[in-house]
Amino acid sequence: MENQAGSRGSADGAGPNRKPWIPSTCGPAAAESPDSPSGSHVEWCKQLIAATISSQISGPNDSRVSKRINLTNLPALRYGTQQNNVPLLPGESVQTTVKDVMYICPFNGLVNGTLTITDYKLYFRGVDRDAAFTLDVNLGVISRLESISIPNQGEDTRGLELVCKDLRSLRLAYKTQQSQVDVLEVLSRFVFPLSQDQPLFAFLYKEQFPVDGWKVYDPVAEYKRQGLPNESWTISKINSSYEVCETYPSVLILPTNVTDEDFRRVCAFRAKHRIPVLSWIHPESQASIVRCSQPLVGPSDRRCKEDERFLQIIMDANAQSHKLTVFDARQNSVADTNKAKDGGYESESFYPNVELNFLEIPNIHVMRESLRKMKDVVYPTIDEAHWHSAIDQTHWLEYIRLLLAGAAKMADKLESGKTSVVVHCSDGWDRTAQLSSLAMLMLDSYYRTLQGFQVLVEKEWISFGHRFAARVGHGDENHANSERSPLFVQFIDCVWQMTRQFPAAFEFNELFLITVLDHLYSCLFGTFLYNTEQERTAKEVQNTTVSLWSYINSQPEDFTNPFYVNYEHHVLYPLVSSRHLELWTSYYARWNPRMRPQMPVQQTLKELLMLRAELQRRVEELKRETASSHSLSSSPDHSPSPTHTTGTPLHTAV
Amino acid sequence: MLSLGSGGGKAAKPSFVSYVTPEEIRPEKETAKEEKHPDLLPGEMVFCSANTVLKLTHDEMSQHGVFGTLLCTNFRVSFTSAEEPGDVMAPLFKNKLYGENDIPLSCVDSIYGVYEDKRKLITGSFVKNKYPSKIIIHCKDLRVFQFALTFCKEEDAKRIFQGIIHHCLEPKPLKNVFAFSFCENTAFPGVQMQQRTMMFEQVEDWAADLSRTKGNCQLFTANENFDLSQHLPQFFIVPPNVSEADMMAFQGKGIPLWCWSHQSGCALFKTASLPLLPEENDQNAFMDKMHIAVADNYLCSVKIEDLSDTLPPIQDIQLSYNKFKQLFLIENTNDFWVSDMKWMSSLDTCGWLDTIKQCLQKAVQVVECLEKENTNVVIMEEGGSDLCCVISSLVQLMLDPFYRTLPGFQSLVQKEWVAGGHNFLERCNQLHMKDKENVSPVFLLFLECVWQLFQQHAPAFQFSETYLTVLSDSLHVPVFCTFLFNSPYHRASNFTADSPHVHRGPVSWPTVWDWSVQFDCKAQDLLINPLYVEKPKQPGRPSHRSKHQRQLSLPNSVFKTPPKKGFFKEEADSLKKILRVKRISRWMLSPDSPQPSSSIREFYEMWQSKPLDYHGLLLPCLEGPAVRVWMQRYLRWIQEVQIFGGGLVTVLSKMSDLLDQIQGLKRQLDCHDCTLALTHQRNWAQIIPAESDRSSVRLSSSFPFTNMRHNWSYKPAFPTGFLQTFMYSGDMADKEDDAPETVV
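Note that the protein sequences, when read in sequence, are chains A and B.
Going letter by letter, the first sequence gives residues 221 to 874 in the working numbering.
Going letter by letter, the second sequence gives residues 5 to 748 in the working numbering.
These are computed hints drawn from the structure, not numbers from a lab.
We put the beta carbon where it would ideally sit given N, CA and C, even for glycine.
One or more of the hints may lead you astray.
What the hints assert, rightly or not - Sample of chain A residues lacking proximity to chain B, with all beta carbon distances greater than 12 angstroms (derived):
no.: 1; residue: S415
no.: 2; residue: E427
no.: 3; residue: S452
no.: 4; residue: Q671
Said to hold, decoys possible - With a Cα cut of at most 25 angstroms, we get these calculated BS3-like pairs of lysine-lysine:
no.: 5; chain 1: B; residue 1: K670; chain 2: A; residue 2: K843
no.: 6; chain 1: B; residue 1: K539; chain 2: A; residue 2: K826
no.: 7; chain 1: B; residue 1: K162; chain 2: A; residue 2: K595
no.: 8; chain 1: B; residue 1: K162; chain 2: B; residue 2: K176
no.: 9; chain 1: A; residue 1: K593; chain 2: B; residue 2: K346
no.: 10; chain 1: B; residue 1: K539; chain 2: B; residue 2: K124
no.: 11; chain 1: B; residue 1: K670; chain 2: A; residue 2: K826
Next comes chain A alone, as it looks inside the complex (with noise of 0.2 angstroms):
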């Protein structure tokens, strides 16, 4: 196998080195192959670093490697032009090159290089001993800059580190009398366009791609999926220039039966006018998922009638139960502080039938010091001793699980209970969206296919205003800002929990996970941008800028799992115990070399569905074959391929 460094000589730059996996004719080749493990340990390890768009390739000692991962083959984004060795992306500039920059790694040591600032990224390559080495780090990502004194080395010698939102930190150490422009200036201009007034880069990029990611969500076609409307739910435009509700989509689904007039007044009552609307209808038994903010119950417990009718009618949509309930994801205890702060809950006894549950999710500044308090433990070294109670103390895994039952909860009650749920927070697009679109993904098969989940993403996120902008701060130097909140990303690790209890229900793989949270902070496209659906039709964003979708559906292939079977019509439950839960190491860790995944399974699969392609090729063509030589009685040209050596498979059953 290709393990030895000295045994293959001169098989360095080893990429065309490897031979196609069956050649056609040659049976020999094909059994042998010494391609498959080591080769698509390679190949993987170039799909997740590619993810990742910015690099760590190597350490500086082993050159071969890295010159296998080359960055023009991944299934990433495919680079225009290049500059100075650095790869561009279509409407990419260089903004300015450093030379004699030190890149202080936490894991290979002192890396000597030139670094590149474009007006996406940042582009460090490693020169003499070290030119095998690159780092590639959009700077969407970074969120903050922070100059560190590195003293007795002299007035010119400045350190500069860059805290990412993906949980690691850069250090650079720079000359500055050696550089004309400051460095850490020409950062924070590209790094934080908006407190300059600048566009993002998103604006600037000008890849096109095959496929149209803006197609994937049309909103009267996702409900209308769903069977609606029907005679109780309609499709309204009340909402269509956002006057009803500026933070909610255009599309609305609303009972039929409502007045105008009682619906303002609901509007009144609720927080931020997000009233309740449909998200989601059981195909069978017509229950549903309604979301919505809280209602402005306050101090004194006001009423409104008109509010209590509207639950009333959500639950009478459905003729299978006689009641509703709702769920208030926040803790019991903190709603009573909203009731005092005049936002509140709805009461059992002035909603009749209504059956109200407290999820006890803490808001999201629990959840934002949460994961710092994560990247303590997992970056840059993993703390070893005592690595799960360290875990334990961040109490991400406990908040995942508490999302998980809480979203669980909801599906229980709409499959066993057959009864309709209302969710809300206290505004409605946090942990409501969390908890809807979990609810949503164990409830209906479709989104967890590659596309449904996109169209998930878009509706319960995008559309309904989850603040994107503020909850990940794009392009904004405010990184103490106490809106940012990793929601999303709790989200997104609940999604891979779900994959991971049940990994042949869904389509997409963990790489597409990964795509989705990178790009998330990446601003290279326009999806994530902004906090709701009226902005985004201000700024014209789906004309302006690519879409996310349109990147991932160019090339499915890299984003499918191939273990998917669909499991049409079965509720996923994802066990709630912390034993089933796990650090997503891949994500969170992923900076750490030693973290680097081994080999995973699709790919053996991959390779073995390959395999079987082949071997059916083979056996379609030897009945083409026989069928003609009995009537021809003569088939020079395709004489039979010396089979008898796949006797030798490179993967035995039993």
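Take the given structure of chain A and dock chain B to it, following the hints.
Only chain B this time, still in chain A's reference frame:
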């Protein structure tokens, strides 16, 4: 025996079936069923029984359950019930020796009695006249049984309780272990069933292994009748300079016993250490002599590893496992959720995972010596047959792909553990000795380490996770000779001396490797790993030989950190120092840091940066998150954590199906080649099985240890409400989500 008579009439059932394999006993099984008795094995007899015992289901502390008969035989505690829905499909993975409601006597871990709602651990000769209302049995394979005796006749209840206590907890002589009466009454075809497993009972196996690894040592046969030492195996291999006189010096202690040779010529030895007292010059001199013997002849250096310096003593291993297993011996749902809350931190506090990690780490260190530095390694400890066995087997597993095949792995266990004289009988406490000083799950620790390697590099192993789990269970099935003795001498002396078998010549006891004793063919398929990537065969050469030659040998130079040069050359060092001052020690893995693991980390990284070869060197990742809990073994019986329609099995079953199809296609192609004409046209649909019975949607994550479900009526389980109060949320919790802009 206490209650031999009490079983009376029931024990009269013919239990003597001679010279038939277990498969042939079937006709008799039918008659057994009518008596509502379990199908007794040959040589098995019932000691006592009680009717109307209620077996409680593990559920919400409820009193739900099934009525039936509880009995105690010389093999097991067994519960049979007419009520038990004999429904479901025949379980795919049925053990032929014991069923799901049977507990082999040596599998009983502890017994609790519930007296008026007080749960007491029964330690043996406890209150003879009082019997509890409920017996709770914790098994070594982590099952938990609860039997209520409240509905039985008092006399029956007393008798069954005392019977179970006596046979499960009281010390007994070796001859009373069920294996003896089982084998007396059964004949096994013997050797040929063990396939290619080398038993290391014959001199040829040792010779073959020595020559396979091209070792340059001498094979000693003088101990064939244990004339030299009772501590040494019959055959063993030592460095060339060790003489027969040396063997006698300290009853075989201190002799470096060859384990395995690296292609570079260096080798791994293990030895039972001599107590090194400063005034005992004889012993010191002897040890020196032995080390020189190891070194000189190879003209290479020797590294001596005293395992007791760095690894925990076996008593600590036992303690830590005892704490760990409690996390899985779940008696009811409430317990489950309570322990679930503390799960992560309990994993750390019991230290079992850390023990596993330490062993793997030590093994990697030894591998590094052999592979990178080409140094001979001698590992030692008192006795030389506990952690020495763990480390030496792990080292061989990492270095030699032969041992990752099924026969290879079994040969390894035979070589290092069985022939190597691991005290299985004492460590597993098969005889229920009261003195627990020598009890320790050392072999299980080894299997745990193997599992860690397996879960990280599944395609490198021919055997499956299920294989490892079943092997760990088989340790407590008192039928196999493999785990019944303390040493080859112990075994031999029990066969020859006053053995009743002596007249039958060499006794053909089943070894655990004779998997047909426990499983039928179909179930045995599950012991094979569908992910295994077989080595492409080299034409004309025996495959295992060439495997060995393909070991990765790393040039020494690449390990040296390349000197940094360039602009910062002169500043780099001082910069490093400065950076380290402010909390940066975590940032720089400096080579001079006192961390002992930094060298093996580097070794791992070096190895990792090469393309992975499943037939070459295999190293485990030892970072915190990489060492996991062996889910299948520990969680298989816990209902709350079964994922219906999920788990890794969904992946594996798809792989198996695909492999079957590929085999089918290959056969078709081969068949083509023979005839060179296609006479019958076959459709794909015929080859591809329609929805096989292992269809992933139907399986649960505990497969194959739980039965399949037909329906999907499954309610998700949620933690009980009051637990929420344990939850921490801190002072952030009261903050508004979007503080600046509160309610409009």
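Earlier hints that do not hold, by number = 7, 10
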